[in-house]
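Protein chains in written order, with our numbering: chain R, 1 to 248; chain E, 249 to 527.
FYI, nobody ran anything at the bench for these hints, they're computed from the structure.
Quick caveat: nothing in here was measured; it's all calculated off a predicted structure.
All residues carry an ideal CB built from backbone N, CA and C; glycine is no exception.
Do not take every clue at face value.
[To be verified] Straight line, CA to CA, 30 Å or less: simulated DSSO-like cross-link-like pairs of lysine-lysine:
1. R:Lys60 - E:Lys332
2. R:Lys65 - E:Lys287
3. R:Lys13 - E:Lys332
4. R:Lys179 - R:Lys210
5. E:Lys287 - R:Lys78
6. R:Lys78 - E:Lys334
7. R:Lys91 - E:Lys334
8. R:Lys78 - E:Lys332
9. R:Lys63 - E:Lys332
10. R:Lys65 - R:Lys34
11. E:Lys334 - R:Lys60
12. R:Lys71 - E:Lys334
13. E:Lys287 - R:Lys60
14. R:Lys179 - R:Lys60
15. R:Lys162 - R:Lys34
16. R:Lys179 - R:Lys34
17. R:Lys186 - R:Lys63
18. E:Lys287 - R:Lys91
19. R:Lys63 - E:Lys521
20. E:Lys521 - R:Lys75
21. R:Lys53 - E:Lys520
22. R:Lys34 - R:Lys78
23. R:Lys117 - R:Lys78
24. E:Lys521 - R:Lys53
25. R:Lys129 - R:Lys60
26. R:Lys190 - E:Lys332
27. R:Lys186 - R:Lys129
28. R:Lys75 - E:Lys520
29. R:Lys91 - E:Lys520
30. E:Lys334 - R:Lys75
[To be verified] Estimated spans, in silico, between C-beta atoms of each pair:
31. E:Asp340 - R:Lys116: 37 to 47 Å
32. R:Lys129 - E:Pro421: 42 to 52 Å
33. R:Ser144 - E:Met349: 41 to 51 Å
34. R:Lys116 - E:Ile518: 33 to 43 Å
35. E:Gly476 - R:Phe58: 54 to 64 Å
36. R:Ser205 - E:Asn513: 18 to 28 Å
37. R:Lys186 - E:Ile480: 52 to 62 Å
[Claimed, not checked] Sample of chain E residues lacking proximity to chain R, with all beta carbon distances greater than 10 Å (derived):
38. Ile315
39. Leu384
40. Leu390
Listed below are the residues making up each chain.
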Amino acid sequence: MDNKLAESIISLKDVEFSYNGEPVLENITIEIDKNDFVAILGPNGAGKTTLIKLLLGFLKPGKGKISILGKTPVKARKFIGYVPQFSAFDKNYPIYVIDIVKLNTLTANSLFPAYKKEVTEMAFSLLEKLEIHNLAYRNFHELSGGQKQRALIARALINEPKILMLDEPTASVDVAMEKDIYDTLKMLNKSTTILLITHDVGFVSSYVNKICCLNRFASMHSVAELTGKSLFDIYSANSKFLQHHCNL
Amino acid sequence: MGELLSSVASYTFLQNAIIAGILASIVCGITGTFVVVKKITFISGGIAHAVLGGVGIALYFSMPPIIGAFVSAILSAIIIGLVKLKANQHEDTVISALWAMGMAVGVIFMYLTPGYSTDLLSYLFGNILMVSSTNLYILAGLNVFIIFIVIIFYRQFVAITYDEEQARLRGLPVNFLYILLLCIIALTIVVLIQIVGIILVIALLSLPAAIAGLYTRTLHAMMFFAIGLGMIFTLSGIAISFSANIPTGATIIIICGLVYLIAINLTRFIHKKNVSLKN
């Protein structure tokens with residue numbers, strides 16, 4: 001691969017964000033290239049969720065510039081597939097898995113109740129690709145954690161996004177399923193840039209090509225330069241320790 | 249029963265009551281389903297109670313109270329919607345304030361209007377046996393309008409009630425849809441108030457849908473089931489209250505509440521049994 005052709009898909013420059021005067025993120029400068037598979041790693045309260053919200057345009061940075069595919073985050077939304085944590089979903093909402101996937105094709109002009117036949121076919125084939133098509137007409141809350149995660153990935157994929165962002169995709173999922181989900185993401189990574197938040201160091205390093213350590217400040221590493229031990233240190237470290245490792 | 253049927257044939261007010269009950273059941277099943285899945289009973293309660301203000305003002309200016317109810321319901325839906333969308337915190341407090349102020353305005357205007365007392369009571373607790381033929385036409389019109397809007401925006405309403413964040417990411421006009429949904433709830437409340445009154449309206453709006461939600465797997469099935477339940481509750485309520493000579497609205501609500509309590513306990517019992525069978 002010619003590295004010169006690699007284009008920057010997401011770029012953050014000196015981004016700063018604070019809640020009520022309390023800085024959450026400072027001096028964030030990150031470049032993410034096409035077909036990168038990036039894990040944002042950091043302890044609770046490190047600003048991971050804030051960073052994703054900034055990338056999705058739900059929050060605006062106090063300082064600095066965020067550009068996604070050369071656009072502002074809000075304008076780039078249609079190229080992003082976002083997979084939130086499934087634990088936030090209402091357990092009592094009566095809806096089929098396939099309908100959740102189809103719902104994501106709506107635009108402001110989608111009036112009246114019926115979907116086009118192609119949409120149903122596309123949703124089903126995505127569920128097939130993620131190997132949960134036999135659950136298409138089950139209720140979402142009847143699925144196991146891993147199956148829910150796949151359903152939400154299928155929902156994100158129906159718009160053929162250029163970037164997939166996932167918020168803790170392996171939270172509340174058992175270890176065997178965790179590997180499965182990462183394998184699925186690896187397969188999707190061939191055509192999609194993937195960015196995920198996690199605080200699980202174990203598996204992630206054997207799948208991703210870059211790790212972004214986040215603890216108010218951010219530092220990007222290619223996986224090759226990090227050993228398993230230093231990863232563990234980052235995870236359990238306080239911010240001083242992180243700074244030491246990341247030379248911030 | 250035979251006596252009841254012959255009364256229906258001979259009294260117009262009973263016929264009107266039955267038609268109003270059926271119309272109310274249809275919209276309460278449709279709108280109530282969204283209220284239940286989106287968990288906005290408190291907001292709906294705010295809209296319902298603020299309606300008394302509009303009713304009081306309408307009575308003071310000798311206008312038909314249903315017009316006052318209509319205007320104040322829509323206004324409070326828009327205000328509460330904007331508060332919910334724009335205010336980051338204290339929205340509960342703001343809604344409670346609107347709720348109470350609406351009622352206070354209603355009480356003052358009704359006090360200033362001569363001969364207010366019967367109207368105040370029938371608006372607070374409903375008086376299905378006083379539904380006029382003109383009101384029936386208004387209720388029918390509101391029904392058609394509500395059904396029409398829900399059919400057009402069905403998928404969009406599902407999107408914003410299921411996952412508002414994702415709907416925003418997809419570029420749906422979430423704020424517009426949310427306020428539109430609250431306006432539909434407001435219109436439904438205007439219809440339901442005729443039957444059960446302001447104080448009891450939330451029960452009729454949420455309980456049939458909540459019971460339906462225990463037994464259905466899709467949103468539209470939940471709506472149809474809730475409509476059926478609503479009809480059973482209102483019609484049996486009318487029959488019982490007429491035979492026993494007790495207030496209709498309160499009778500309907502007691503039936504709703506009892507069936508709901510039985511239904512949730514039954515579901516829990518079945519669930520427990522299934523779990524113990526598995527173990």
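Hint-by-hint comparison with the structure:
A hinted pair counts as satisfied when its Cα atoms are at most 30 Å apart, and R:Lys60 with E:Lys332 qualifies at roughly 20 Å. At most 30 Å may separate the alpha-carbon atoms for a hinted pair to count; R:Lys65 and E:Lys287 exceed this at roughly 37 Å. Proximity of R:Lys13 to E:Lys332 is assessed by CA-CA distance (about 33 Å); at most 30 Å being required, the pair is judged violated. Of the pairs offered as hints, the one joining R:Lys179 and R:Lys210 holds, with about 18 Å between alpha carbons and a cut-off of 30 Å not exceeded.
For the hint pairing E:Lys287 with R:Lys78, the CA-to-CA distance comes to about 28 Å; that is within 30 Å, so the pair holds. Of the supplied pair hints, the one linking R:Lys78 and E:Lys334 holds, its CA atoms being roughly 24 Å apart against a limit of 30 Å. Restraint check for R:Lys91 and E:Lys334: satisfied, since their Cα atoms lie roughly 27 Å apart, inside the 30 Å limit. Between R:Lys78 and E:Lys332, the direct Cα distance comes to roughly 26 Å. Compliance with the 30 Å bound is thereby established for this hinted pair.
For a cut-off of 30 Å, the pair hint linking R:Lys63 to E:Lys332 stands: about 28 Å separates their Cα positions. For a cut-off of 30 Å, the pair hint linking R:Lys65 to R:Lys34 stands: about 19 Å separates their Cα positions. At roughly 16 Å between alpha-carbon atoms, E:Lys334 and R:Lys60 fall within 30 Å of each other, so this suggested pair holds. As the CA atoms of R:Lys71 and E:Lys334 are separated by approximately 26 Å, the hinted pair is consistent with the 30 Å bound.
Taking the CA atoms of E:Lys287 and R:Lys60, the gap is about 29 Å. The hint holds against a cut of 30 Å. A threshold of 30 Å between alpha carbons decides the hint, and for R:Lys179 with R:Lys60 the separation of about 34 Å lies outside it, so the pair is violated. About 9 Å separates the Cα atoms of R:Lys162 and R:Lys34, which keeps this hinted pair within 30 Å; it holds. Between R:Lys179 and R:Lys34, the direct Cα distance comes to roughly 24 Å. Compliance with the 30 Å bound is thereby established for this hinted pair.
The hinted pair formed by R:Lys186 and R:Lys63 fails the criterion: a straight-line CA distance of about 34 Å is larger than 30 Å. Between E:Lys287 and R:Lys91, the direct Cα distance comes to roughly 12 Å. Compliance with the 30 Å bound is thereby established for this hinted pair. Only pairs whose Cα atoms come within 30 Å are accepted, and R:Lys63 paired with E:Lys521 is rejected, the gap being roughly 57 Å. For the hint pairing E:Lys521 with R:Lys75, the CA-to-CA distance comes to about 52 Å; that exceeds 30 Å, so the pair is violated.
Between the alpha carbons of R:Lys53 and E:Lys520 the distance comes to roughly 40 Å, so the proposed pair goes past 30 Å and is violated. In summary, the hint linking R:Lys34 to R:Lys78 is supported, as the alpha carbons are separated by about 17 Å, within the 30 Å threshold. Pair hint R:Lys117 plus R:Lys78 holds up; C-alpha atoms about 22 Å apart against a cutoff of 30 Å. Pair hint E:Lys521 plus R:Lys53 does not hold up; C-alpha atoms about 43 Å apart against a cutoff of 30 Å.
For the proposed pair R:Lys129 and R:Lys60, the alpha carbon gap of about 36 Å is over 30 Å, so the pair is violated. Proximity of R:Lys190 to E:Lys332 is assessed by CA-CA distance (about 42 Å); at most 30 Å being required, the pair is judged violated. Pair hint R:Lys186 plus R:Lys129 holds up; C-alpha atoms about 13 Å apart against a cutoff of 30 Å. As the CA atoms of R:Lys75 and E:Lys520 are separated by approximately 49 Å, the hinted pair breaks the 30 Å bound.
As the CA atoms of R:Lys91 and E:Lys520 are separated by approximately 18 Å, the hinted pair is consistent with the 30 Å bound. Proximity of E:Lys334 to R:Lys75 is assessed by CA-CA distance (about 22 Å); at most 30 Å being required, the pair is judged to hold. With their beta carbons about 41 Å apart, E:Asp340 and R:Lys116 fall inside the hinted range of 37 to 47 Å. Restraint check, R:Lys129 to E:Pro421: a C-beta distance of roughly 31 Å breaks the suggested window 42 to 52 Å.
Between R:Ser144 and E:Met349, the C-beta spacing of about 49 Å keeps the proposed range 41 to 51 Å intact. At roughly 39 Å, the beta-carbon separation of R:Lys116 and E:Ile518 lies within the given 33 to 43 Å, and the hint holds. Between E:Gly476 and R:Phe58 the beta carbon distance is about 40 Å. The supplied range of 54 to 64 Å is therefore violated. Between R:Ser205 and E:Asn513 the Cβ separation comes to about 50 Å, which falls outside the hinted range of 18 to 28 Å.
The beta-carbon spacing between R:Lys186 and E:Ile480, approximately 54 Å, falls within the hinted interval of 52 to 62 Å. With a closest Cβ-Cβ approach of about 30 Å to chain R, E:Ile315 is found to remain outside the 10 Å limit, as its non-interface label requires. In this structure E:Leu384 is separated from chain R by more than 10 Å, as the shortest Cβ-Cβ distance comes to about 28 Å. With a minimum CB-CB distance of about 21 Å to chain R, E:Leu390 clears the 10 Å threshold, and the non-interface call stands.
In the structure shown, a violation is registered for the earlier hints numbered 2, 3, 14, 17, 19, 20, 21, 24, 25, 26, 28, 32, 35 and 36, in ascending order.
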